[in-house]
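**Q** Sequence:
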Amino acid sequence: MANFKQTVITKAAHNLIAKSLSGSANINFTRVATSKYDYKSFSQSKLESLTSLEDIKQYVAVDKVEKIGEASVNVSVKITNANITEGYYVNTIGLFAMDPEEGEILYSVTVAETADYFPADNGVNCSGINLDLVTEVSNASNVNITVNYAGYATNEDIEKVNSHLNENVKNIKKLNGTNNYVSDLNNCSITGEKITVKTNESTLNTPYKVGITGLTIGSVDIYNLDINFELQIYNAFGSVNRYVRSKNNGTWSDWSILKDIDSGWLNLPLGSGIIVDGGLTPQYRKIGNRVFIRGSVKNIVTGNTVIGTLPVGFRPVLQNHHYATFTNTNACASFNISTDGRIIYQGNSTNTFNAEWFVVITNNFII
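Just so you know, we're using the working numbering here: the sequence shown kicks off at -15 and counts up by one.
If you are wondering where the hints come from, they were derived from the structure by calculation, not from laboratory data. Don't take each hint at face value.
Said to hold, decoys possible - In silico BS3-like links for lysine-lysine, alpha-carbon gap of 30 Å or less:
| no. | residue 1 | residue 2 |
| --- | --- | --- |
| 1 | K48 | K24 |
| 2 | K20 | K(-11) |
| 3 | K20 | K48 |
| 4 | K(-5) | K51 |
| 5 | K51 | K62 |
| 6 | K62 | K24 |
| 7 | K(-5) | K24 |
| 8 | K24 | K51 |
| 9 | K30 | K3 |
| 10 | K(-11) | K62 |
| 11 | K48 | K30 |
Said to hold, decoys possible - With beta-carbon atoms standing in for the labels, derived distance ranges:
| no. | residue 1 | residue 2 | range |
| --- | --- | --- | --- |
| 12 | N170 | I40 | 36 to 44 Å |
| 13 | V194 | S25 | 54 to 62 Å |
| 14 | S29 | A339 | 31 to 39 Å |
| 15 | G176 | S203 | 16 to 24 Å |
By construction, the Cβ of each residue, glycine as well, lies at the ideal position given by its N, Cα and C atoms.
Please take these sequences and the hints and turn them into a complete structure.
**A** Now the structure itself:
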């Protein structure tokens, strides 16, 4: 999981703040940039002197600005990997603003202590980052926001989303409630959440309704990324069979039966320099739609180290974050499993490393 240092306000931003306090300018935040360049070695004074960023990978328009007291604001943006052809580590985040005299300036710089890997767009799975940047403005009443309307929602878009949300709210019932069955599986998700709902013979768009099972009652696990991407796994009461379908770019696939085929334990292809610890060879296994990982490794001497890579068919739909413990130290280690199959050791709570420390990577997740 990414860990960022405190945001540094640039000299150009301090000049703009002074103009804002004198009443000669407002602060208009324009966009945010992500860079793979690592600025960790830069001192605060050197960061304050920056006027641009190196190795910028993406620019994203500001989504929302919220005032926090009288001296700071929270700037929110949403970044996706759409059309990104090469993955990268998000080492630095830059916030830009418009100076009426100087033009667009680099307002602040936020450097990652431990960076997250942002995968390339594979045309199937969409990854995203929600950023909230708390930054100094000295007088929050003089802050404006410049939005790229070509890339963000119009009033008509918002009305459509609100309508969809209202239908979902009406449709989702508490599982232990009196009316605990949803009416339509096409409209019962919560954006960015995993939920479970129940269905009966009246629920629309179930395997029963399309005629592939005669069982009317079911439980559905729903994994939603956003309004366009979703995975549903249907468990029919009275049967061991499960069914799966997905929504990609807003289009639903047909229901298909999900068989619990056991791949057996397979050896994990290890990353460069990774050593098996104590004969506990890292392995992976898939039973149905659940992937299991086990094993122990060592010779991890830096953060963001690739432990190994899962093959296609064993990779998560969404990036998974996990925690483990170095068994021969008190350090709590964090690692993630990315959608391209890489199992990445990100770092540990002590921020120190020893080639002889070993970490157990036992875990499981649903694909």
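**Q** Taking the hints in turn, state whether each one holds.
**A** Structure-based check of each hint:
no.: 1; hint: K48 / K24; in the structure: holds (28 Å)
no.: 2; hint: K20 / K(-11); in the structure: holds (15 Å)
no.: 3; hint: K20 / K48; in the structure: holds (24 Å)
no.: 4; hint: K(-5) / K51; in the structure: holds (22 Å)
no.: 5; hint: K51 / K62; in the structure: holds (18 Å)
no.: 6; hint: K62 / K24; in the structure: holds (24 Å)
no.: 7; hint: K(-5) / K24; in the structure: holds (19 Å)
no.: 8; hint: K24 / K51; in the structure: holds (29 Å)
no.: 9; hint: K30 / K3; in the structure: holds (23 Å)
no.: 10; hint: K(-11) / K62; in the structure: holds (20 Å)
no.: 11; hint: K48 / K30; in the structure: holds (29 Å)
no.: 12; hint: N170 / I40: 36 to 44 Å; in the structure: holds (39 Å)
no.: 13; hint: V194 / S25: 54 to 62 Å; in the structure: holds (59 Å)
no.: 14; hint: S29 / A339: 31 to 39 Å; in the structure: holds (36 Å)
no.: 15; hint: G176 / S203: 16 to 24 Å; in the structure: holds (21 Å)
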